[in-house]
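Chains as they are written, first to last, in the numbering used here: chain D, 1 to 299; chain V, 1 to 299.
Bear in mind the hints are in silico, worked out from the structure with no lab data behind them. A couple of the hints might just be wrong.
The calculated label-pair distances, taken between Cβ atoms and stated as ranges, are [what the hints assert, rightly or not]:
| hint | chain 1 | residue 1 | chain 2 | residue 2 | range |
| --- | --- | --- | --- | --- | --- |
| 1 | V | Arg101 | D | Pro4 | 39 to 49 Å |
| 2 | D | Arg101 | V | Ser233 | 16 to 26 Å |
| 3 | D | Ala30 | V | Leu256 | 50 to 60 Å |
| 4 | D | Gln293 | V | Pro209 | 45 to 55 Å |
| 5 | V | Arg282 | D | Ala285 | 38 to 48 Å |
| 6 | D | Gly102 | V | Arg9 | 37 to 47 Å |
| 7 | V | Arg282 | D | Arg101 | 48 to 58 Å |
| 8 | D | Leu256 | V | Arg9 | 51 to 61 Å |
| 9 | D | Arg103 | V | Lys8 | 38 to 48 Å |
All values derive from a computational prediction rather than experimental measurement. Backbone N, C-alpha and C fix where the C-beta goes; we use that ideal spot for every residue, glycine too.
Number of protein chains: 2
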Amino acid sequence: MDFPAELKRQIARVEHGLDRHVPAAGTRPARLHSAMRYSLEAGGKRLRPVLVLSAAELFATTAAYDPAADPVPAAVAIECVHTYSLIHDDLPCMDNDDLRRGRPTAHKAFDEATALLAGDALLTHAFSLLATAYAGRPALAQALVRELADAAGSRRLIGGQMEDLLAEKKADATPDELEFIHLNKTAAMIEAALVMGGRVGGAPEDALPALRHCGRSLGLAFQIIDDVLDATSDSATLGKTAGKDARADKTTYVKLHGLDASRRMAAELTATAQSALAGLGRNHAFLAALIAQMAGRTK
Amino acid sequence: MDFPAELKRQIARVEHGLDRHVPAAGTRPARLHSAMRYSLEAGGKRLRPVLVLSAAELFATTAAYDPAADPVPAAVAIECVHTYSLIHDDLPCMDNDDLRRGRPTAHKAFDEATALLAGDALLTHAFSLLATAYAGRPALAQALVRELADAAGSRRLIGGQMEDLLAEKKADATPDELEFIHLNKTAAMIEAALVMGGRVGGAPEDALPALRHCGRSLGLAFQIIDDVLDATSDSATLGKTAGKDARADKTTYVKLHGLDASRRMAAELTATAQSALAGLGRNHAFLAALIAQMAGRTK
Numbered sequence: 001m002d003f004p005a006e007l008k009r010q011i012a013r014v015e016h017g018l019d020r021h022v023p024a025a026g027t028r029p030a031r032l033h034s035a036m037r038y039s040l041e042a043g044g045k046r047l048r049p050v051l052v053l054s055a056a057e058l059f060a061t062t063a064a065y066d067p068a069a070d071p072v073p074a075a076v077a078i079e080c081v082h083t084y085s086l087i088h089d090d091l092p093c094m095d096n097d098d099l100r101r102g103r104p105t106a107h108k109a110f111d112e113a114t115a116l117l118a119g120d121a122l123l124t125h126a127f128s129l130l131a132t133a134y135a136g137r138p139a140l141a142q143a144l145v146r147e148l149a150d151a152a153g154s155r156r157l158i159g160g161q162m163e164d165l166l167a168e169k170k171a172d173a174t175p176d177e178l179e180f181i182h183l184n185k186t187a188a189m190i191e192a193a194l195v196m197g198g199r200v201g202g203a204p205e206d207a208l209p210a211l212r213h214c215g216r217s218l219g220l221a222f223q224i225i226d227d228v229l230d231a232t233s234d235s236a237t238l239g240k241t242a243g244k245d246a247r248a249d250k251t252t253y254v255k256l257h258g259l260d261a262s263r264r265m266a267a268e269l270t271a272t273a274q275s276a277l278a279g280l281g282r283n284h285a286f287l288a289a290l291i292a293q294m295a296g297r298t299k
Numbered sequence: 001m002d003f004p005a006e007l008k009r010q011i012a013r014v015e016h017g018l019d020r021h022v023p024a025a026g027t028r029p030a031r032l033h034s035a036m037r038y039s040l041e042a043g044g045k046r047l048r049p050v051l052v053l054s055a056a057e058l059f060a061t062t063a064a065y066d067p068a069a070d071p072v073p074a075a076v077a078i079e080c081v082h083t084y085s086l087i088h089d090d091l092p093c094m095d096n097d098d099l100r101r102g103r104p105t106a107h108k109a110f111d112e113a114t115a116l117l118a119g120d121a122l123l124t125h126a127f128s129l130l131a132t133a134y135a136g137r138p139a140l141a142q143a144l145v146r147e148l149a150d151a152a153g154s155r156r157l158i159g160g161q162m163e164d165l166l167a168e169k170k171a172d173a174t175p176d177e178l179e180f181i182h183l184n185k186t187a188a189m190i191e192a193a194l195v196m197g198g199r200v201g202g203a204p205e206d207a208l209p210a211l212r213h214c215g216r217s218l219g220l221a222f223q224i225i226d227d228v229l230d231a232t233s234d235s236a237t238l239g240k241t242a243g244k245d246a247r248a249d250k251t252t253y254v255k256l257h258g259l260d261a262s263r264r265m266a267a268e269l270t271a272t273a274q275s276a277l278a279g280l281g282r283n284h285a286f287l288a289a290l291i292a293q294m295a296g297r298t299k
């Protein structure tokens with residue numbers, strides 16, 4: 001398998017899906033739809049939607065194209081939710097960031113009210129898309145909505161955000177609080193991506209716990225590596241401001257456990273994710289290579 | 001039928017459902033769940049959820065209690081979406097309101113970030129609840145998610161908000177723009193309430209257009225009456241600041257068409273709603289009385 005070529009192919013499917021399954025910028029209300037697309041088109045790694053597609057391919061058969069088994073709408077839905085969470089995170093009342101991936105954040109490019117509404121609309125659109133694209137398989141649509149809404153909900157994604165904000169106001173977060181934050185703020189959506197992909201691809205129910213376990217480990221590793229890179233990389237390599245955590249005296253894995261232990265934890269979690277994946281007994285070469293790439297990333 | 005007693009009974013079902021189907025204030029993260037409940041418990045007319053329940057009763061048979069046919073979760077879901085839209089509307093970057101129903105708004109009682117996240121979480125919870133409570137009827141769950149997500153989405157509820165914000169910045173909105181705003185900002189969710197209730201109650205597909213037509217007319221009438229009351233009532237009666245529209249030189253039905261014509265339009269739309277309802281040929285005494293009460297309301 002040619003990993004870079006395959007990754008490029010998967011990302012192209014995501015980009016095409018985003019264009020196809022999100023309202024066009026010119027449709028009424030044009031300003032709102034423009035803001036939604038502006039943020040979606042800011043790029044990024046497309047990690048979560050690529051995970052959806054590759055998890056679906058673990059299970060998909062080579063039968064004729066079936067729109068009801070197309071994982072692209074599920075991939076787009078999860079990227080809409082991820083993008084909404086970034087837009088709202090960047091708002092002045094949250095992290096107050098002016099730049100995201102080198103471009104002005106949504107509230108800078110438009111205004112705060114438009115950014116707020118664009119985030120709301122992307123979140124809402126994710127559920128509309130799942131319910132519409134999989135209308136022909138209502139049990140799948142129901143399961144996908146439930147999976148995504150739970151991962152993005154008050155106990156997980158939003159809960160992680162909330163505790164992250166509260167932790168910033170305290171002198172020190174505990175290891176337990178830090179794990180709660182990262183399990184929910186980061187790992188929840190990565191878990192959901194793999195499980196949703198598996199469901200669309202027709203994974204048997206008994207394969208879902210392994211996908212979930214893989215996603216949870218991968219998500220935690222991803223966040224720890226983020227912490228390590230913030231502490232060790234420079235802004236030019238990272239494409240965003242480095243050293244922010246230390247300057248803000250933010251509690252991170254690096255601050256709590258040190259650099260070496262953090263790198264070791266990330267490596268162990270990555271190995272756990274790989275073995276959960278391998279345990280499925282499917283052709284998982286692409287997903288394994290993607291996980292390895294994530295573990296070795298420098299930005 | 002004793003209308004006040006029946007209305008009280010329906011509202012009690014909604015209140016009980018809100019308590020049962022929304023995370024408890026003390027569960028982690030407690031601050032987030034407290035903020036969600038604070039706003040949900042602020043009261044209000046509970047119009048949308050009562051419409052869900054009463055539309056379901058138009059079609060429900062008197063068979064034994066079936067949790068998969070219980071309209072309460074759908075009613076709670078629509079109230080969660082309505083409440084999220086109020087929380088985000090009240091934020092400083094939107095209408096910047098400090099009071100709602102006589103109590104401090106969520107960002108005043110908590111803070112802006114918590115209010116933002118509580119709104120996000122209520123919106124997300126609505127979809128989780130529909131997918132969970134109706135898991136035993138996946139086609140119903142899928143249809144309800146689609147109905148609610150479309151009504152709350154970028155072309156309807158959020159679209160109406162967006163155009164409302166843009167209209168405020170212009171000297172004058174046109175009648176067409178005003179109708180777009182109200183059809184989407186107000187009528188969309190009232191339509192969805194009746195259609196969702198009908199679906200849960202087992203309405204045949206061919207009854208849904210009449211429910212939608214009823215909701216659309218009712219929603220527009222509701223908004224025009226709001227405009228009339230803002231222009232003619234006092235703050236004490238209204239329970240909120242009266243005369244706000246005129247002071248802000250906001251384009252309303254009253255400003256565009258005058259008081260008499262606005263009252264006439266509201267009466268005509270109410271009559272349209274009543275005849276759409278009557279055309280269903282069901283026992284609609286409660287819903288008809290509710291519509292009549294809405295048309296005659298003084299706050």
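Consistency of the hints with the structure:
Between Arg101 (chain V) and Pro4 (chain D), the C-beta spacing of about 57 Å breaks the proposed range 39 to 49 Å. A beta carbon spacing of about 50 Å between Arg101 (chain D) and Ser233 (chain V) contradicts the range 16 to 26 Å that was offered as a hint. Judged by the Cβ atoms, the range 50 to 60 Å given for Ala30 (chain D) and Leu256 (chain V) is violated: they are separated by roughly 23 Å. Between Gln293 (chain D) and Pro209 (chain V) the beta carbons are some 52 Å apart, a value that agrees with the proposed interval 45 to 55 Å.
Distance hint check for Arg282 (chain V) and Ala285 (chain D): the Cβ-Cβ separation is about 59 Å, which falls outside the suggested range of 38 to 48 Å. For the pair Gly102 (chain D) and Arg9 (chain V), the supplied restraint of 37 to 47 Å is violated, since their beta-carbon distance comes to about 58 Å. A hinted range of 48 to 58 Å holds for the C-beta pair Arg282 (chain V) and Arg101 (chain D), which are about 55 Å apart. The given range of 51 to 61 Å is respected by Leu256 (chain D) and Arg9 (chain V), whose C-beta atoms sit roughly 54 Å from each other.
Look at Arg103 (chain D) against Lys8 (chain V): about 54 Å separates their beta carbons, and that is not inside 38 to 48 Å.
Of the numbered hints listed earlier, those contradicted by the structure are 1, 2, 3, 5, 6, 9.
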